[in-house]
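> Chain by chain, the residues:
Protein chains: 2
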Amino acid sequence: MKEVHAEVITIGDEILFGQITDTNTQWLGSELSLLGIKVTRKSSVGDRYEEIQTILNEAAQRADLVILTGGLGPTNDDITKKVLADFLGQSLIRNEEVLSDVTAFFVSRGREVSDVNKGQALIPEGAVALRNQYGTAPGTWVIREQVVFISLPGVPHEMKGIMRDHGLPAIKKHFQTPFILHQIIRTAGIGESMLAEQIKDWEEALPAFLSLAYLPSFSSVKLRLTGMHDDQQLLKQEMDRQVQLLLPLIGNKHFYAATDINLEEHIGILLKATGQTLSLAESCTGGYLQHLITSVPGSSAYFKGGIVSYSNDIKEQELHVPKTLLEQKGAVSTKVAEAMATGILRKYKTSYALSITGIAGPDGGTKDKPVGFVCMAFASATGQLYSKTFQFGKERDTNIKVSASVALNLLRLGIEGKL
Amino acid sequence: MKEVHAEVITIGDEILFGQITDTNTQWLGSELSLLGIKVTRKSSVGDRYEEIQTILNEAAQRADLVILTGGLGPTNDDITKKVLADFLGQSLIRNEEVLSDVTAFFVSRGREVSDVNKGQALIPEGAVALRNQYGTAPGTWVIREQVVFISLPGVPHEMKGIMRDHGLPAIKKHFQTPFILHQIIRTAGIGESMLAEQIKDWEEALPAFLSLAYLPSFSSVKLRLTGMHDDQQLLKQEMDRQVQLLLPLIGNKHFYAATDINLEEHIGILLKATGQTLSLAESCTGGYLQHLITSVPGSSAYFKGGIVSYSNDIKEQELHVPKTLLEQKGAVSTKVAEAMATGILRKYKTSYALSITGIAGPDGGTKDKPVGFVCMAFASATGQLYSKTFQFGKERDTNIKVSASVALNLLRLGIEGKL
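Same order as they appear, the protein sequences are chains L and B. Yeah, the first sequence ends on 419 if you go by this note's numbering, and it's all consecutive. Yeah, the second sequence ends on 419 if you go by this note's numbering, and it's all consecutive.
These are calculated hints, taken from the structure and not from any lab test. Heads up, some of the hints might be wrong.
Cut-off 30 Å, straight-line C-alpha distance, at most; resulting in silico cross-link-like pairs (DSS-like, lysine-lysine) [said to hold, decoys possible]:
1) K335/B to K418/B
2) K369/L to K394/B
3) K253/L to K222/L
4) K323/B to K349/L
5) K200/B to K347/L
6) K401/L to K335/B
7) K82/B to K349/L
8) K335/L to K349/B
9) K200/B to K82/L
10) K418/B to K401/L
11) K367/L to K347/L
12) K335/B to K347/L
13) K323/L to K349/B
14) K347/L to K329/B
15) K172/L to K253/L
16) K349/L to K335/B
17) K38/B to K82/B
18) K369/B to K418/B
19) K388/L to K347/L
20) K349/B to K347/L
21) K349/L to K329/B
22) K401/L to K335/L
With the C-beta cut set under 7 Å, the calculated list includes, among others, these residues of chain L facing chain B [unchecked claim]:
23) Y49
24) K160
25) I184
Quick look at which bits of chain L chain B covers, simulated, 3 or more residues with Cβ under 8 Å [what the hints assert, rightly or not]:
26) 34 to 43
27) 119 to 125
28) 303 to 309
29) 405 to 414
The beta carbon of each residue, even a glycine, is placed where N, CA and C say it ideally should be.
Extracted from the complex, chain L is given alone in its bound form:
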């Protein structure tokens, strides 16, 4: 099977000048990878005719598939369409389907369709419109000298919607991409290099049609095993066999799911399945752990609530942490973390509770307890009480995020009975 090479071109000064974050190219790179298509170059150019024309000509020489995003809006700045039409040697003609989409879009919002808006229905002659259910600018698909050109609006949710609805299926069909399988293995509590060391022999022995990617985030590493083969059955069997070999090497303490779910979703599934509930008491993470837990749709089924006890008063008054403990051990100590977890567990009457207290920084560190020193405790209604101390880094924002991520894994281990 021939390798398909793609280039992604982003158009817009606001990206070049760093005024907005470009999330489109990452998404496209990832989606094309999942189809077995290799992105070999990404480029960003400004909103100027010559710049777009130049990059189009360059990419056409190198790639099988060229995807352009941005520069399709109704205003004069947005000229991708004109450049593309000239590049194809075509004129812009009105597409009736798109016109009816644009009209419907405005009518449903009780607004008039201006001439400027009607201009959105112009696409290069010979191009196929990729209709946009999420906004007004359509995408287009056109082939010139065996190279496929797709142009898309730059607004991320419109771009993604059009690609999911029309672009990706058309690419799959046109390039007859090989049969591809992906298997996600989610791990937590183990770093990338240690995990790599632990599974090194297995990885080296993988057959050539299987490849492994490490996708790390704060305290969790996602593994993605990708297989490409013409024989679907053989591929499926070999993938399954390799996963069965892999899991014992990772071990049950670090492996938590063979589907692409994060720790907060996994915890939600565990709690929902058994009808158990959760409460949280946070100090240095200031609500971020509760934010992660409640970012899961339906989390109100198991998360009753929690407290951010930023001051010692609140730790005493609301979580019943003894004043003597705060004075003797300090607010950042395993004993206080344990009292916080027990306090919220009893008060909110939940199956499980977790607490975090620490020094996020940049100030507040001491010699004994420097910035990044964090204590956590896990408590259960059955009487289990576990606490642990961590030393993270110096940056406030990272400390908050790493602490919350580590806490999720502690919570997972506690609920799974692995602490």
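Put chain B on the given structure of chain L with help from the hints.
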């Protein structure tokens, strides 16, 4: 003054395949803009010799400044250095300063310096090392046929550190960039298009050496007025004059700071200055508002804490929201929001309190109160009580973030006495 054109080249398959988010190019684009240097193209290529060589040759034809990031680590994948040396027609030689940096880095961590690590000290002959205080791979600065080439490691905090310490000052000096002034105007509670409409006449009348950028985020628009002129005094005077004309057009309700601080920082400054305190009661935002407030270093001086009352039990038990109110008005109502704000204010004994209750989605919406329906209340120890209802969108994550952002502005207006 001649325009300086820059290109940024990112090297690494993990960026092309969408495995990691590239934040480097946005940061570089923004920093170069602030120096008056225009980024005219950004490119990403893979870790292959030929690809890097090709893009280097292309960029050298077009730009005055070429910045490469990535591909400088100690392993074999990272080959930027070799390509760059060959491109310059130089060999790699050992830089003693860098070697002592690398050695010190490992010694301070109690680790041996391996030969692979020592290899980090190799840089192209004739290049200037941009020393790295944050890791082991140095940057380099070299000029070839009047084009400046800077290569930097890909790890964001190392790349930024090296640029701040050495790269940006050297660029400023070498290109004798013109005198540039930036003035930030922070606004909240007004959308980009409405703001643009309101200040349109002023913007159109700006002299050619001043330009305005709109930098919008959730419910806040940052304006950046940039001026470039050889006459520093004239520029300063005209900038000040224009800002004085602009502020009344925005109005005190939407303008909150003429420095680059976000709402949570601004609220922190207001509270610290008057020794006042804050508590928060969140339902649908699940702790995200408390996370924003506590993301500010030193927030423990004014934020006592708060409650995430996800279940009605907790609203009743902890915030003393009357059961009859929950039954008659529903948990998402201005009356319940008011009771939550009053409840937390009294319990946590703070100067101000704010509450949020709403339907984040995707489930839980009704005909009267669809997904995105959110109520907020502001309460003060002096007896003020203000509540408001909002209708946001359909996406859970966006609803959480927009709600928190709008709540921060409500809090700001309350503290400033503008509600």
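> Take the hints in turn and mark each one as holding or not.
So, going through the hints one by one against the coordinates:
For a cut-off of 30 Å, the pair hint linking K335/B to K418/B stands: about 21 Å separates their Cα positions. Of the supplied pair hints, the one linking K369/L and K394/B is violated, its CA atoms being roughly 44 Å apart against a limit of 30 Å. Our distance criterion of 30 Å between C-alpha atoms is met by K253/L and K222/L, whose separation comes to about 15 Å. For the given pair, K323/B sits about 19 Å from K349/L by alpha-carbon distance, which is consistent with the 30 Å threshold.
Annotation: proposed proximity of K200/B to K347/L is violated, straight-line Cα distance about 56 Å (limit 30 Å). Using a Cα cut-off of 30 Å, the hinted pair K401/L and K335/B is violated, with the two alpha carbons roughly 34 Å apart. The straight-line distance between the Cα atoms of K82/B and K349/L is roughly 63 Å, outside the 30 Å bound, and the hint therefore fails. Pair hint K335/L plus K349/B holds up; C-alpha atoms about 26 Å apart against a cutoff of 30 Å.
Using a Cα cut-off of 30 Å, the hinted pair K200/B and K82/L holds, with the two alpha carbons roughly 28 Å apart. Annotation: proposed proximity of K418/B to K401/L is violated, straight-line Cα distance about 34 Å (limit 30 Å). Proximity of K367/L to K347/L is assessed by CA-CA distance (about 34 Å); at most 30 Å being required, the pair is judged violated. Of the supplied pair hints, the one linking K335/B and K347/L holds, its CA atoms being roughly 25 Å apart against a limit of 30 Å.
Using a Cα cut-off of 30 Å, the hinted pair K323/L and K349/B holds, with the two alpha carbons roughly 19 Å apart. The suggested pairing of K347/L with K329/B holds, with an alpha-carbon distance near 26 Å, which does not exceed 30 Å. Taken as a hint, the K172/L and K253/L pair is broken in the structure, with Cα atoms around 38 Å apart against an allowance of 30 Å. Only pairs whose Cα atoms come within 30 Å are accepted, and K349/L paired with K335/B is accepted, the gap being roughly 26 Å.
Restraint check for K38/B and K82/B: the C-alpha separation of about 28 Å stays at or below 30 Å, so the hint holds. About 28 Å separates the Cα atoms of K369/B and K418/B, which keeps this hinted pair within 30 Å; it holds. For a cut-off of 30 Å, the pair hint linking K388/L to K347/L stands: about 22 Å separates their Cα positions. Of the pairs offered as hints, the one joining K349/B and K347/L holds, with about 20 Å between alpha carbons and a cut-off of 30 Å not exceeded.
Distance hint between K349/L and K329/B is fulfilled; the C-alpha atoms sit about 26 Å from each other, no more than 30 Å. For the hint linking K401/L to K335/L, the alpha-carbon distance of about 23 Å falls within 30 Å, and the restraint holds. Here the hint on Y49/L is broken, as its CB sits about 14 Å from the closest CB of chain B, past 7 Å. Proximity of K160/L to chain B is violated relative to the hint, the smallest CB-CB distance being about 12 Å (cut-off 7 Å).
Restraint check, I184/L versus chain B: the minimum CB separation of about 13 Å is more than 7 Å; hint violated. With a cut-off of 8 Å between beta carbons, the segment 34 to 43 of chain L has 6 residues touching chain B; three or more are needed, and the interface restraint holds. For the segment 119 to 125 of chain L, the assignment as covered by chain B is violated, since 0 residues bring a beta-carbon within under 8 Å of that chain's beta-carbons and 3 are needed. Here the segment 303 to 309 of chain L counts 7 residues with a CB under 8 Å from a CB of chain B, which clears the bar of 3, and the coverage holds.
Restraint check on the segment 405 to 414 of chain L versus chain B: 0 residues with Cβ-Cβ distances below 8 Å, three needed, restraint violated.
The structure fails to meet hints 2, 5, 6, 7, 10, 11, 15, 23, 24, 25, 27, 29 from the earlier list, while all remaining hints are met.
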